[in-house]
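Trainee: Chains as they are written, first to last, in the UniProt record's numbering: chain D, 1 to 485; chain A, 1 to 485; chain U, 1 to 485.
No lab work stands behind these hints, which were simulated from the structure alone. Using N, Cα and C, we set each Cβ at its ideal position, and we do this for glycine too. Some clues are possibly wrong.
[What the hints assert, rightly or not] Covered by chain D, per the in silico footprint, the following chain A stretches (three or more residues, Cβ under 8 Å):
hint	stretch
1	83-95
2	235-245
3	305-311
4	390-396
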Amino acid sequence: MPGTQLTKVGPLNLCRTSTSQYPTTQNTKELQPLMANPVCETTEKKKQQPQGPERPNSHQKFKAKLMQWVSYIAGDMAAFGEWMKGQFILLQILDWVLRGAAQVMFVNNPLSGLIIFAGLILQNRWWALNGFVGTLFATISALIIGQNRGAIANGLYGYNGILVGLLMAVFSNAGDWYWWLLLPNIFMSMACPIVSSALASINSRWDLPVFTLPFNILVCLHMVATGHYNHHFPQVLFQPRTSMHNLTWSELDYPKLFRSIPVGIGQVYGCDNAWTGGIFMIALFISSPITFAHATIGSAVGMVSGLALAAPFQNIYFGLWGYNCVLACIAIGGMFYALTWQTHLLAVACAFFCAYLGSAIANVMSTFGLPACTWPFCLSALTFLLITTEIKNIYKLPLAKVTYPEKNLIYFWKMKKEERIAKQRKEQEKDIASQQKKEKIIMAAMEMKGRQHLDACTVDVLQEESTQNRPDRKSEATELNLTQL
Amino acid sequence: MPGTQLTKVGPLNLCRTSTSQYPTTQNTKELQPLMANPVCETTEKKKQQPQGPERPNSHQKFKAKLMQWVSYIAGDMAAFGEWMKGQFILLQILDWVLRGAAQVMFVNNPLSGLIIFAGLILQNRWWALNGFVGTLFATISALIIGQNRGAIANGLYGYNGILVGLLMAVFSNAGDWYWWLLLPNIFMSMACPIVSSALASINSRWDLPVFTLPFNILVCLHMVATGHYNHHFPQVLFQPRTSMHNLTWSELDYPKLFRSIPVGIGQVYGCDNAWTGGIFMIALFISSPITFAHATIGSAVGMVSGLALAAPFQNIYFGLWGYNCVLACIAIGGMFYALTWQTHLLAVACAFFCAYLGSAIANVMSTFGLPACTWPFCLSALTFLLITTEIKNIYKLPLAKVTYPEKNLIYFWKMKKEERIAKQRKEQEKDIASQQKKEKIIMAAMEMKGRQHLDACTVDVLQEESTQNRPDRKSEATELNLTQL
Amino acid sequence: MPGTQLTKVGPLNLCRTSTSQYPTTQNTKELQPLMANPVCETTEKKKQQPQGPERPNSHQKFKAKLMQWVSYIAGDMAAFGEWMKGQFILLQILDWVLRGAAQVMFVNNPLSGLIIFAGLILQNRWWALNGFVGTLFATISALIIGQNRGAIANGLYGYNGILVGLLMAVFSNAGDWYWWLLLPNIFMSMACPIVSSALASINSRWDLPVFTLPFNILVCLHMVATGHYNHHFPQVLFQPRTSMHNLTWSELDYPKLFRSIPVGIGQVYGCDNAWTGGIFMIALFISSPITFAHATIGSAVGMVSGLALAAPFQNIYFGLWGYNCVLACIAIGGMFYALTWQTHLLAVACAFFCAYLGSAIANVMSTFGLPACTWPFCLSALTFLLITTEIKNIYKLPLAKVTYPEKNLIYFWKMKKEERIAKQRKEQEKDIASQQKKEKIIMAAMEMKGRQHLDACTVDVLQEESTQNRPDRKSEATELNLTQL
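This is chain D alone, in the form it adopts within the complex (with noise of 0.2 Å):
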């Protein structure tokens, strides 16, 4: 879902004929796997170290093997994607809606887009059919209107695509399988890279991403345009709460309470089946570790809060409570922020008041018969994007930079520290400066005193002053010597 990742990576087919080369670098970082070319990388590196003498043991042979192949698979799979562009422009274009599906959750994985599709194959098959159409014009539509190639490739013009495909599809009163419904589906996909560019226009001022705004505003105009009493496209009634609810805290299901927590991912697209839920998270996981823990996290922040705002369980069960949350837990913990312990703390502070958001405007929206979409998790992550602070560990990345979680930490790491290196330097650079500064005077004294008699002890003098100042006594009383011979 980030704003525009251009990433630019080797060709694919260099990288493939080096793959046996690979047990050289098996003790690289954990993490690295999961960069976009981590092979291309090493590659290089090869040809800068000439290989050592030392052979691999069958352990690290086999361990290398499979970070290989997990590097095909997870993070961006920016190889993948390589190759892809000499492809077939039709196969292209499924890698691009593949992507677009999973960047929904922030992932621009095709093989976590596949999974994302079978987990909507098993919710509802209509569903997933207009989730496909919406996704497949808007990447379309983007073509069209001339929106930049590589967003387009990275997905970021389908997922407001298949959000909307999906939820016109969820919210629809004419019941599956209603065909009609393709025509304002297709009408509202392909508005979508329209309005995206335009709120692009607005937030990249401020280096923010649209994230599924375009989606809301499309959903939700589709929606009260058309209404609950519409002749062609009638949607499902929405009215806002006017009397107590029952709430019995015995009543409280706590084996449902734990399913909540997948089902609040599955609602991330709108399913509230717990399997599809999990088949969601399993594709979180293959892309980033990280994202599955703050998407897991926030959707067990969202049920909290339910219960603490004395929500009807009804509600938290089916994992109302938790999409947003989810949302805005990825985006802020490790997505947009390098993920240290302070942006942890922030992601699941904006979970929280993701939750209460939600909760709010939830009810705002029942008055004109709208869901609350995607809106809250949006509003509270620009809010948390927004923030400037004068605390060094909460880092925004810059919107080009932004990739997947564990590849924004190494970058942010990487930063970190050439600034310690370039500190150092310069600290290096200032005692050398004064340390020449010293010297400089010490030989204007002498000079001043020409071929003069130098008196022994003015010199001294000289030495002890200068030496109080700095730790390297030694030299300068050496260079004095020197000066005095």
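Starting from the known structure of chain D, arrange chains A and U on it as the hints suggest.
Mentor: Below, chains A and U alone, put in the same frame as chain D:
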């Protein structure tokens, strides 16, 4: 309606004296009569190119005279505006008020404004009076709070005033000739330039116009502040739809459906009289045929959308589906984008989007007892103007250059031509540079040989190849030979 | 309440030691006692101008002493704030909390804060407690998330906290001393700096303050998230008006109408007690008489607007029409614009606009069961701060320079004076330059003549020409004479 039309035209008197020599340039493009000050421009040209001996015939003379007269009343009547600058202030203000009345439809033309006022009087004299008061006080208020005089003279502070005045009268439940209404009317009209200026501060960051947003804000503000149950200023009652309405397709009245096109244009000013709408169409045609064409297309698109979304026929006949699309289609089709076939399609797409949005906003606003006003137009047009694209033929004009579609088009063509010429020149320079480079190499080679005997044959070959400007394998080979000698 | 008041003042001790010599500068302007650190400034002046032999009489002495004491408690009490910096952290936080309490009314003064708390306790001790908790936790949260220490010390992160705490208690339907309320209170207070920081990121692009927007957002969020029918945190019921209310003008109660002015000021903190309002007025007067005056005017304007728009008398008596106008009038009248008669009128216009907007927003919000909060103030003040104008006397201070009306005014005067001096100097330089130019011409003419006999006639012509452009004929003439010698 555009942002800051500060057209700088030469004095009218100069133009007048030179009109007798107009026939000499009668073979200029047909669009030129619609330009701001074609006569002045032609006189300037004339001075540079001494007149030839050819005498125009009477037909040509007549055509030229006609075009000259057209140039006085079409477009933005810049010559008239220039002449006005020397007149009495009250007369000037009248000009500004008339321009303001027409600027609602993006037309900067006092004659169109006069015709529009005629249409309003035909509809309802009380409304027309309120509209006039609104425009007048909005213009005066803009003068008081020190706004840009050029913008005021172009009616850019009046068009929100006329809409505020008109619609406050239209939506008032106190009946016609309720004189107290003039008080809030004057107050709200005078608030127009304040809100305009504030919104312009925001929108100018994206080089966007404020459209009719001040009107929308202020009329909604007045209506919701007082409401249906107010003692002083009761409003017409708007209520949300709470049940299925009747929809029998056999009852569709085609003549009424056809009539909804002019009615839709009339509804821009809140008028439901088809004749008034027709008069407005004449006013548009006088100033700019492109604007007229897009207004008609927009109204038709709105009507079709209404049918597609199963709207009550009465609303469609009443023009409620048309007026926003009219404005949106004009704005995108040639006004803020230069007119190409791509932007024409974009304008049609925007009109459809606007119709959808119109239905949505009407339903949302009815919850608060409010009409949709022109919110749908503003939001859809702003969205479409915020798009960034890699297609070169979708060119958004800088706000300061926006005048009217025909002149915008000429500006776009001119710019494109200049770009092409600049590109050609650059390429030529490149060619020359590479040619010179090659010559230099040859010269260097010659020099290297010094005073030795130069093989005439080799040199000829070298020369030939370099002038062919081609992948210089051979020349290099020969050069090499030369140096090897 | 202003954005980033980072006043840098000299150490207090320095000021203290020099106070005995204060009488020497007793003829400074009356406004100076309200400046940030007048004593320090005068001491600085003193150093430059050696004290004369004149001895001040006892009356002058008394007046000076009084002004000195006034300077300690009036304005933003910068000297006290400076002294506080060396104190124990808990004492510092108390200072920040008190300043935060007063910053609601744009007053950066702990004494005013103390008086305001006294007023709150008089109104309702439970509310006062909630307000205190809100301010405290908002300040602590700002420290945790690493906000600017100077802004925190000026109470800029506390004022939203006190409003959140107070109003959550005011609008709670669970009755006083419902201790569970402290939980959401603390949560929402701690969210204040987050929302403040996010909004500041947006508003700073237009150099605008965030006003009470965070409070509005968070209280509305809490109220609509829980609602009237919540088990844990039920809210007071707000419902839209659905029928005509009674309005008999003969029943208008003038004493109550008059009392609505202090009540309106009290309602800024949600208090309906006229005495509390009166206490708040004292708190304002202590810090800044201009603020006090505009608060009173604002409240009166609100009351008049309520009558004009036929509001139920009960609402007017209850101060609901006043509090937004109070804040809007203070903000525009001297706080963010330098006070001139133009901005004073603008402030009154803004108050009227705000009253209108207040009625509109109250009606809209009641649809969601919400009160208007201070949305009307925020929106109207932001609108009026966004105006761009060609009138030089409407000067919007840079946000970093905003302190309190009196000091702002001095800043504006100083700036104007500097501008005038710069202009004069420029003109003088221009004069000198043109003078020199003329001399050069004459000199050149003389040289041209060389050593030849100079024709008197030519010189005269030269002289004449030069004098036509300049008034100083004589000097030139004499110069010429001189050169002729």
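Trainee: Which hint numbers doesn't this structure obey?
Mentor: Structure breaks hint 1 only.
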